[in-house]
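Enquirer: Chains as they are written, first to last, in my numbering: chain A, 344 to 633; chain B, 7 to 432; chain C, 21 to 421.
Please note that a few of the clues may not be correct.
Said to hold, decoys possible - Calculated pairs, DSS-like style, for lysine-lysine (alpha carbon to alpha carbon, straight line, at most 27 Å):
(1) C:K359 to C:K345
(2) C:K395 to C:K310
(3) C:K345 to C:K315
(4) C:K77 to C:K395
(5) C:K233 to B:K306
(6) C:K415 to C:K310
(7) B:K306 to C:K310
(8) C:K395 to C:K359
(9) C:K111 to C:K343
(10) B:K306 to C:K66
(11) C:K135 to C:K176
(12) C:K200 to B:K306
(13) C:K46 to C:K345
(14) C:K205 to C:K180
(15) B:K306 to C:K359
Note that these hints are calculated values from the structure, not bench results.
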Amino acid sequence: MPQYANIAVSILFDGLAYAMFLFITSVGLSVTMGLMNFVNLAHGAFAMIGGYIVVSLTRSYGVGFIPSLIIAAVTVALISVRFERRLYRRFYRATDLEQVLLTIGLAFMAIATFTYFYGPIPKSVPLPDWLQGSVNFGFRSFPAYRVFMIAVGVGLIAVLWYAIERTNIGAMIRAAVDNRRMAESVGINVDRLFTLTFALGSGLAALGGGLAIQLLGLNPNFALLYLVLFLIVVAVGGLGSLKGTLLAALVLGIIDTGGKYLLADAGGFFIYAVTVIVLLIKPAGFYGRE
Amino acid sequence: MAVSEKAIAHRTADARARAADYLLKRHRFRPAEALPWLLAIAAYFLFPDRMTFGNQALIMVMFALSLDLILGYAGIVSLGHAAFFGIGAYTVGLLIARLGWSEPLSSLVAAAAIAGLAGFVTGWFILRYRGLTVIMLTLATAIMLQEAGNLRSDISGGYDGLPGLVISPLFGVFDYDLYGHVNYLYVLGVLAVVFYVARRIVYSPFGQALTGIRENVRRMHAIGSPVHWRLVTIYTISAAIAGIAGALFTQTNAYVTLTVFEFDNSAKVMVMLILGGTGRLYGAFIGAVVYMVLEDHLSKLSPTFWQFGIGLVLILAVLFAPRGLAGLAEDIVRRARLWRGATTRRLAFRREDWNAVIVSALDGAAVGFIAGFAVNFRQTDLIAEYITSLPGQALLFACLGAAVAAGVNALYLALTRRVVVEGPAP
Amino acid sequence: MRILRWLGLAALAVAVGGSAQAATVKVGVVLPFSGANADLGHQIDKAFDLYVKLHAKDIAPHKIEIIKRDEGPPTGAVAKRVTTELITNDKVQLVTGFVFSPSAIALAPVVTQAKIPMIIANAGTAWITNLSPYIVRLSFSMWHPAYPMGAYAYDKVGCKTAAMAYTDFPPGKDSTEAFKTGFEKAGGKITLSVPMGSPVQVPDFTPFLQRVKDAHPDCLYAFIPSGAHATGLMKAYGELGLRKAGIKLIGPMDLIPDNKLQDMGDAAIGTIVMGHYAVDLDSSANKKFKEEWHKAYGADSYPDFMSAAGWDTMHAIFDTINKLKGDLSNGMTVVNALKGWSAVGPRGPVTIDPATRDIVQNEHAMEVYRKPDGKLGERILDTVKNVKDECKVLKVGRCGK
């Protein structure tokens, strides 16, 4: 294979894997902000908690990596329901600024709590053998874990797309994002709907957190460290849009990877430059409502 | 008919007079306003060993004040205000390190000018948008500046910064001491000047127009107010003040690194301002000082876990002082006034209120129970010194958790349930 | 709580010693206890605690009182504030700790003005010691491991060409510059230099390493902060199959911090690093250090090169207290007492160079291998004796000032 094609394949593949991580972790945030207009800066904390559940299960209890991921996602989804019901609900009518203060306070507390129990040393997870090697696709071989991440991402996208576009609940969510008052007046229980989507979003964040350990390591500060990245994906994609979040994750993931590969000196620059350009042209993001 | 018309006219005139009176009075200096300044001067004499802390607190007050001008008065939410703080900081740093210009006051002016210019240019682009778009654009601007600085670390010194900056004595006379006494008075003086300017702006017709934009952009457009230019103007002023704060930061630290542009810096100043209360000028004072003092004390108490305390305070603040600490104080005063001579009644706790309290008690108990077990896993001697049995400890924690959660919730409900039944009209 | 306990211990020591001239030496410890780099602070803090616990009786009848403060983020500002207050408010007689170079740089004028010795237990930017006559460094400079690695890589590892990849901040630039100087002097050729993002966030390392893979050098010299970055880099190195492609991974010991080595898996095997400490270093001092560490912090907790420096730092402070009979009121006397200080610590023999107030220590070339018990370990391949900070010897850039 010629050199430039090889480079292009590398960038596309690595960018795709990175994009899947971005998508899985950010999609919940996008829906929360789009549906309830709720700024949840503690979103990263749910991802961090998911990561630690995976670490505990695999290391201390010998549970497999994949079952751990699922358990982590479900557990965090359940925990988040409790949070939503008891705490967040009170602040749906509050201003953005109050929401910022509340959720950043929660993130601080989560960081301190997990430092207390797990210590600040970064954790990693033992992977099953089949995820450690590389997979040969004939023309080239790729790291197995990245192939796995892409597969999980694609699978989730398919499921989410079906759930949002083809099921009754999905239709209700779309209705509520479009026009909340109207949705309520035709009898949709938006509160319950939101609890559901919030749980789903947090569960996905936990899954993303679990998947990211191998990529980025995990320490309690994960809760805030990557928050900017998630916010960027949400803003560039457009609030509450599944399509938009996916497109934003793909664009940012691939451009970031490409920038790092081709122009490492200015590597950190690209993702922000793209954000600025996109937002100057389309202020509401790719698929946001103006 | 005639009588009632006359009465209406009279009432209108009366209201007009009162409004005019209010407008005339509200920018007058109130005695209570002297309090923070007196406290700042008192601190100088009371805590002579803590002036380095005092310096940094005053600088954060100024930084928060600059954010208040755009966030509190014009409703521009920025998560990248550190950009201007950083520009100011680096203006002073580079002036000394590259040009040898070390006179402090003139470099403050230079910092304000350059930060203001940056504010003008970016504001002109960014302020066409609103909400999340503005947040992300400001955030990206700050981070891009940081990346640019790292790219040219031959100029900026990178993350190791510009060391050993020597500032000329203030007014050519006062040199800087280890205890930071000169610095403290210097910063306090600059803050007073900046505050006076900010106060004048806020209470001017221009400031009123900004509040109008914050409250209802469409109406301001409709009455022909040059919305964009007004926003750009206040953004420029705010950037200049943030630049001065950054310049003072470099001068008092005699050092600057690229971390001044960090997202944490932008987020922290915003948290401080919201904690203190937006749109009040003095909210910046209260928020920055309370936050800094808390951070300082908690991190001395427990260098590792102090963030827990900060987080808890923020959450409690949102629950009990949704308009910030300054807003809380205003609320208390207003309520006291309102209730004087009025009949008030606390609404009786209804069934669902009691249910909410009970559920929160259960929540607290569950969290406490888990914590009681979990704490023991870490074998903290702090706990083990007093309680030896694990179930006993978990039970104790559960009771504590239940009591705290139920107490907080009941207090919250009680505070939000008092209403005026009859009395003088507000 | 801890301070109280030490005070109690020290008081006990006094009661046993029963001397008349008992002094209490106040030491300020400034380390990052919170934030993204908290684990680095904790590695050093644990070594400090351990040393004080085991050796409090050695300085009887004198006592040591330790006041700990959070160094905060690597801005220098928080460190400057808390350290200045330790000096002005708590009246400490010396300050130690300092993981981040910016903290040490920001504080240099302060300690000069206050005449308080500052004993650095980590911060590795080479020229820091030039900033103030009150700074003494017990840890290392970036040049300590990186410069000898240059010659070693060319002569012994067989790298004719090398790529350099580093986290884009001063220690990364220092380390690669030092390696380049040594490597090119020996005859090697640097073919590629890749900066890899900020020290704050761990990036996805794959694109950077993919680029290295496509350039096909003999060796990859990498520098990353020894926190979460290290694990991430090793995973990406393994996943991309760089070793199979014939690209050897070399670097300073930050690549394989001992407390994270076991998590790194097979990818780490064969990595060759230059460093002054490894858990597997075979010496009686290190064996004892390890034993006490595991006894205090559990079998899963490992000391690393930072802990070893922390241990020696406290050791030097204790020796100075004894040498000056508890009177540490004059900062310059303390610094002079530290000049030429030498001991055999977990790292091996260490000396403070009187001319530069920087450490002189042995650097070991080490290879990661799988031990018979299934755990990963480091095998010492070679030792370079008595390495000085070459940056100051060669007077590179600011080091020459």
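Enquirer: Each hint should be assessed against the structure and marked as holding or not.
Expert: Consistency of the hints with the structure:
no.: 1; hint: C:K359 to C:K345; result: holds (17 Å)
no.: 2; hint: C:K395 to C:K310; result: holds (16 Å)
no.: 3; hint: C:K345 to C:K315; result: violated (31 Å)
no.: 4; hint: C:K77 to C:K395; result: violated (36 Å)
no.: 5; hint: C:K233 to B:K306; result: violated (48 Å)
no.: 6; hint: C:K415 to C:K310; result: violated (37 Å)
no.: 7; hint: B:K306 to C:K310; result: violated (30 Å)
no.: 8; hint: C:K395 to C:K359; result: violated (40 Å)
no.: 9; hint: C:K111 to C:K343; result: holds (21 Å)
no.: 10; hint: B:K306 to C:K66; result: holds (18 Å)
no.: 11; hint: C:K135 to C:K176; result: violated (46 Å)
no.: 12; hint: C:K200 to B:K306; result: violated (43 Å)
no.: 13; hint: C:K46 to C:K345; result: holds (14 Å)
no.: 14; hint: C:K205 to C:K180; result: holds (12 Å)
no.: 15; hint: B:K306 to C:K359; result: violated (32 Å)
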